[in-house]
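From just these sequences and the hints, can you work out the full model?
Okay, here's what each chain looks like letter by letter:
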Amino acid sequence: AQTVTQSQPEMSVQEAETVTLSCTYDTSENNYYLFWYKQPPSRQMILVIRQEAYKQQNATENRFSVNFQKAAKSFSLKISDSQLGDTAMYFCAFMKPFTSGTYKYIFGTGTRLKVLA
Amino acid sequence: DTGVSQNPRHKITKRGQNVTFRCDPISEHNRLYWYRQTLGQGPEFLTYFQNEAQLEKSRLLSDRFSAERPKGSFSTLEIQRTEQGDSAMYLCASSVYRGLYQETQYFGPGTRLLVL
Chain A
1 AQTVTQSQPE
11 MSVQEAETVT
21 LSCTYDTSEN
31 NYYLFWYKQP
41 PSRQMILVIR
51 QEAYKQQNAT
61 ENRFSVNFQK
71 AAKSFSLKIS
81 DSQLGDTAMY
91 FCAFMKPFTS
101 GTYKYIFGTG
111 TRLKVLA
Chain B
1 DTGVSQNPRH
11 KITKRGQNVT
21 FRCDPISEHN
31 RLYWYRQTLG
41 QGPEFLTYFQ
51 NEAQLEKSRL
61 LSDRFSAERP
71 KGSFSTLEIQ
81 RTEQGDSAMY
91 LCASSVYRGL
101 YQETQYFGPG
111 TRLLVL
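The listed protein sequences correspond, in order, to chains A and B.
Just so we're aligned: 70 in this note's numbering is position 70 of the first sequence, and the numbers increase by one with no gaps anywhere.
Just so we're aligned: 35 in this note's numbering is position 35 of the second sequence, and the numbers increase by one with no gaps anywhere.
Treat the hints with care, since some could be wrong.
Said to hold, decoys possible - Where chain B lies over chain A, by a calculated footprint (3+ residues, C-beta under 8 Å): (1) 34-45; (2) 64-72; (3) 87-98.
Quick caveat, the hints were computed from the structure, so don't treat them as lab data.
Backbone N, C-alpha and C fix where the C-beta goes; we use that ideal spot for every residue, glycine too.
Set out below in structure tokens:
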């Protein structure tokens, strides 16, 4: 069974600094997608970044980038120039296909990030 | 912006009562998902619809839970005879198929249920 592990329950970072959130996963599949979602307090989950497993190049979205290590099954999120608005719960997710042709996400337990002024 | 919407946003009920939640997906999305998120945990998959057909159900979805998507647009999730263990955030997500592995789910704000 696929599992997603986020080993850092809470982290804090000073505004304008860089922080890295860790995620490891376990799967026997070769093709899959990985995601980072952000869930601000009392607000809905927002997609931050996604990575295709067949692409060796790490995905980047503005201040957000990933370090995808397929062999190590590691998928960390780096946030550069942290802003107060980055304060949120961050979830790593693995997208698993069903035989019906759709997909479900398997989420980690989340990392609560607080950006300090 | 017509993102995924959910109603109500909050629901407090007494144990044993029935509750129903509604999800309105993004209009062109034919795939709809329900997840449950308990405190300190990530969302857990409950069920999936493609158009009006319910194609996948998690073992988490006991007999007290039923979901429908009658016209392939909005969906409802009903919990009968609620228990305190049902207290959680219920999230809805929608997506549209764009090719193999080309799918991103967009989440609604959730309905927070508290069973007293």
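A quick look at each hint next to the structure:
Counting residues of the region 34-45 of chain A whose C-beta lies closer than 8 Å to any C-beta of chain B gives 5; at least three are required, and the coverage claim holds. Figure legend: the region 64-72 of chain A, annotated as covered by chain B; annotation inconsistent (0 residues with Cβ-Cβ distances under 8 Å, at least 3 required). Using a Cβ-Cβ cut-off of 8 Å, 5 residues of the region 87-98 of chain A lie near chain B, which meets the minimum of three, so the contact claim holds.
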